[in-house]
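Chemist: Here are the chains, one letter per residue:
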Amino acid sequence: MAASSRAQVLRLYRAMLRESQRFTAYGYRTYAIRRIRDAFRENKHLKDSEEIQTLVNKARTNLEIIHRQVTIGQLYSTQKLVIESLENRDNLII
Amino acid sequence: MDVQATTPLDPRVLDCMLPYLMHYYGNPHSRTHAYGWESESAMERARQQVASLIGADPREIFFTSGATESNNLAIKGVARFYKSRKKHIITTQTEHKCVLDSCRYLETEGFRVTYLPVKSNGLIDLKELENALQPDTSLVSIMTVNNEIGVKQPISDIGQICSSRKVFFHTDAAQAVGKIPMDVNDMKIDLMSISGHKIYGPKGVGAIYVRRRPRVRLEPLQSGGGQERGMRSGTVPTPLAVGLGAACEVSQQEMEYDYKRISVLADRLVTKIMTEIPDVVMNGDPEHHYPGCINLSFAYVEGESLLMALKDVALSSGRFGIGRFTTEEEVDYTVQKCIQHVKRLREMSPLWEMVQDGVDLKSIKWTQH
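Protein chains in written order, with the numbering used here: chain A, 1 to 94; chain B, 1 to 369.
Take these hints with a grain of salt, some might be off.
Claimed, not checked - In silico lysine to any residue, SDA-like type, Cα no more than 20 Å apart, as pairs:
| # | chain 1 | residue 1 | chain 2 | residue 2 |
| --- | --- | --- | --- | --- |
| 1 | A | Lys44 | B | Tyr257 |
| 2 | B | Lys337 | A | Ile83 |
| 3 | B | Lys152 | B | Leu100 |
| 4 | B | Lys337 | A | Ser85 |
| 5 | A | Lys80 | B | Asp2 |
| 6 | B | Lys260 | A | Ala39 |
| 7 | B | Lys87 | B | Arg165 |
| 8 | B | Lys337 | A | Leu81 |
| 9 | B | Lys272 | B | Ser297 |
| 10 | A | Lys80 | B | Ala314 |
| 11 | A | Lys58 | B | Glu254 |
| 12 | B | Lys311 | B | Met348 |
| 13 | A | Lys44 | B | Glu254 |
| 14 | B | Lys337 | B | Gly318 |
Hint data in this document are derived by calculation from the structure and do not stem from the laboratory.
Let the sequences and hints guide you as you build the complete structure.
Modeler: Spelled out as structure tokens, the structure:
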């Protein structure tokens, strides 16, 4: 199998972010998006194709995990947290 | 913001657990069929994951119902096994209730217990520990990271002292495992308690590490079918064990990232509060401290009033907990509300008024009612 190209990695990155946006739980959603961004950013300089492929495979596994957990979260969703409601957004002066 | 009380399940952990709650429901001790075999192999995989996080051998890890059971097992188990020749135990005054209660119970069985005090920064005095050791001391039990203040005890030094005096060293590492690097060999730890729900794993499961070389023996608490090499009878709850293992593995991978992030958020919280309002004290030694547990005292404000005012933030008694899933927004919101309410409560406080007027509170003669 050919090593993943830059385009493939970017596609995977966008797919992971898109899927993570669908988490209904505030903490999971913010964590997933943050973690994915930081992880891809940390590894963007890598040149060794084997290393890249290992990470890409790990990312694909994580994407599947995110997809399953997003679905479960939607089945058992609850109300929004205080931190998520619009009125409080305006109150954050700092 | 109360992650010291409990943590949410990491989605990666739940994902590992679900198959064992649904399709793979075998008893790991059933030796005769595939349901049992696959359940057993999952349990052993989890055992390896826990061991790997603390630098132990999987044969030294035993699953329990939580850190409370592990603490009970360690303290009562070791004390009772060696009771014919050793009757003394040392612990600290700031241990978790289950440790203190176990020691109190042992006192009724005829053991002597020394409860070491802590210095004003929350750390124990190593010289006092050395002086407290007696020829018939079987065990020293000191927690790694305190769940109220967040101080980190000098575990390696304590381990060194205990090993040189041939006394077993137990540590309740529930708040430390998976958050700071722990190695049972580097730190010369003989027994360790681990809690699932403090490291983004499920509630109802924990583990105890018991050193094999040199061998630590203990009298089991729970009798029965001899599971877990006789250390802890009872069917091991495979889904929970798998959850604990997964939580440990995730923590091992994420430790550095989480620690950096939590330190930044902790600095942000403390700095913002302290620059905005005066007379705030951070409890515990600032250097030997785990950043995810911040304990603040606000002078001239009653604790309960502040907790009740901060009604939409989950807090516990002056303790701010920051974890893997805590966001900057949550920290900012908590800081803003805290500052707002401390100012408001101080306005209502007669003590604050007197201080503002330059009265020295120590010079006041309070009248009796």
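Chemist: Look at each hint and say if it fits the structure.
Modeler: Each hint, compared with the structure:
no.: 1; hint: Lys44(A) to Tyr257(B); in the structure: 17 Å, holds
no.: 2; hint: Lys337(B) to Ile83(A); in the structure: 12 Å, holds
no.: 3; hint: Lys152(B) to Leu100(B); in the structure: 19 Å, holds
no.: 4; hint: Lys337(B) to Ser85(A); in the structure: 16 Å, holds
no.: 5; hint: Lys80(A) to Asp2(B); in the structure: 18 Å, holds
no.: 6; hint: Lys260(B) to Ala39(A); in the structure: 14 Å, holds
no.: 7; hint: Lys87(B) to Arg165(B); in the structure: 16 Å, holds
no.: 8; hint: Lys337(B) to Leu81(A); in the structure: 16 Å, holds
no.: 9; hint: Lys272(B) to Ser297(B); in the structure: 15 Å, holds
no.: 10; hint: Lys80(A) to Ala314(B); in the structure: 15 Å, holds
no.: 11; hint: Lys58(A) to Glu254(B); in the structure: 14 Å, holds
no.: 12; hint: Lys311(B) to Met348(B); in the structure: 19 Å, holds
no.: 13; hint: Lys44(A) to Glu254(B); in the structure: 19 Å, holds
no.: 14; hint: Lys337(B) to Gly318(B); in the structure: 13 Å, holds
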